[in-house]
Amino acid sequence: MDRMNRRGFLECAAWTGAAVVWTASGGVLSSRLAARAEAAEGEAGTFSFVQISDTHVGFKGQANPDAAATLQQVIDRVNALPTRPAFVLHTGDQTHGQKAGAFDTVAELLKGVKTERIFYVPGEHDVFLDGGKEYLARYGKGTVGGQGWQSFDYKGTHFVGLVNVLKYKGEGMGSLGTEQLEWLEKDVAPLSSSTPIVVFSHVPLWAVYPQWGWTTEDAERALAYLRRFGSVSVLNGHIHQVLRKVEGSVTFHTAMSTAFPQPAPGSAPAPGPMKIPEAEARRMIGVTEVSYVPGKHPLAVVDSTLA
Amino acid sequence: MLKHIGLVAGAVAVLLVAATHVIAARPAAPTTIDIKEFKFGPPEVTVAVGNRVTWTNRDEETHTVTSATGAFSSTGLSHDDTFTQTFTRPGRYAYFCALHPQMRATVVVR
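Protein chains in written order, with the numbering used here: chain A, 1 to 307; chain B, 1 to 110.
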């Protein structure tokens, strides 16, 4: 095992077996072992949802011989949660390179998730071949102008799904574009600053590692509209590993892939699927559960793996 | 019928031009470019007009070979997939990977 893999492994091994709850208090994240039934005991207004990301169905390689199978295992895990998630967010890269039939396979598998609804944003793998035509034909309905971005409210929390992979050719990073940014400004303008905000998009809305394209060039403008809010959680995918960052009232969190891990930023010559033994990889692919408990924990983010 | 004759004559003319060109230019073996560790290597190649360039993806990750001006594009290339493009006009052809646009390179055609 080389240094990079070993470090990644040790980092992720911390989550093995038991889930870790991240609670935000005074802008500082702290972790502790999760009592998985905690959310189930919650009071009125409590809810949880699940983030699934980077399912990459259609990928086949040493890093994962069958991405559909690991997605199914993650779904089984979600269905075994003590609290049924109110809904699921899929933060993109459903397919690997828009492989023929992959969208159908994902849709079929996700029908098995025990939840009310699944919300989607695209990843670059879902749109790069046809500029988003197939993705938007499937998931554009009900989004703003059929362009894939949207917002909704659930039990007092305002959710915003942003698309940052359709203007992707510039400098090799995500981009939201003026039209979407203007919509976002108007969308959150009427909200009270005490409204909890959850933003989800594929490419991180913070500069994780621009050299690998792991950033969104105009994210700062989006965040400028959000900084007045007391609790903002930004959930992203794309980088296939858990990273967190806190900036004032804004907490950034990236999710694991359900298919394969990628190296830590700058720890390898290039990003991409990590070829590591299956048992080890299972500790680095998984799903994120997010719980909201009014008055107590603004947002508790639990990452669990297949190991 | 006249139309057909015209077509045949045209085709013969094209063949003649092509043959002349082959004799005159003596094209080198097809130029090959490897896609490895999220890089096109070599990042710039120079080929003669009419020559072919073949890219091979050595990564597990999918990549594309996509012209910056839309002149050509591969689909998603899986591991060990190849893509070949014949360049028939001189110029500088900048291209990138549509999935990882930080991957950039150029084919110069003379």
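Hints listed in this document are in silico derivations from the structure and should not be mistaken for laboratory results. Some hints could be false.
Derived contacts from chain A toward chain B, CB cut-off under 7 Å, selection only [stated by the list, open to error]: (1) Gly266; (2) Pro269; (3) Pro273.
Predicted model only: the values in this text are computed from it and were never measured. All C-beta atoms, glycine included, are put in the ideal place defined by N, C-alpha and C.
Earlier hints that do not hold, by number: Violated: hint 1 alone.
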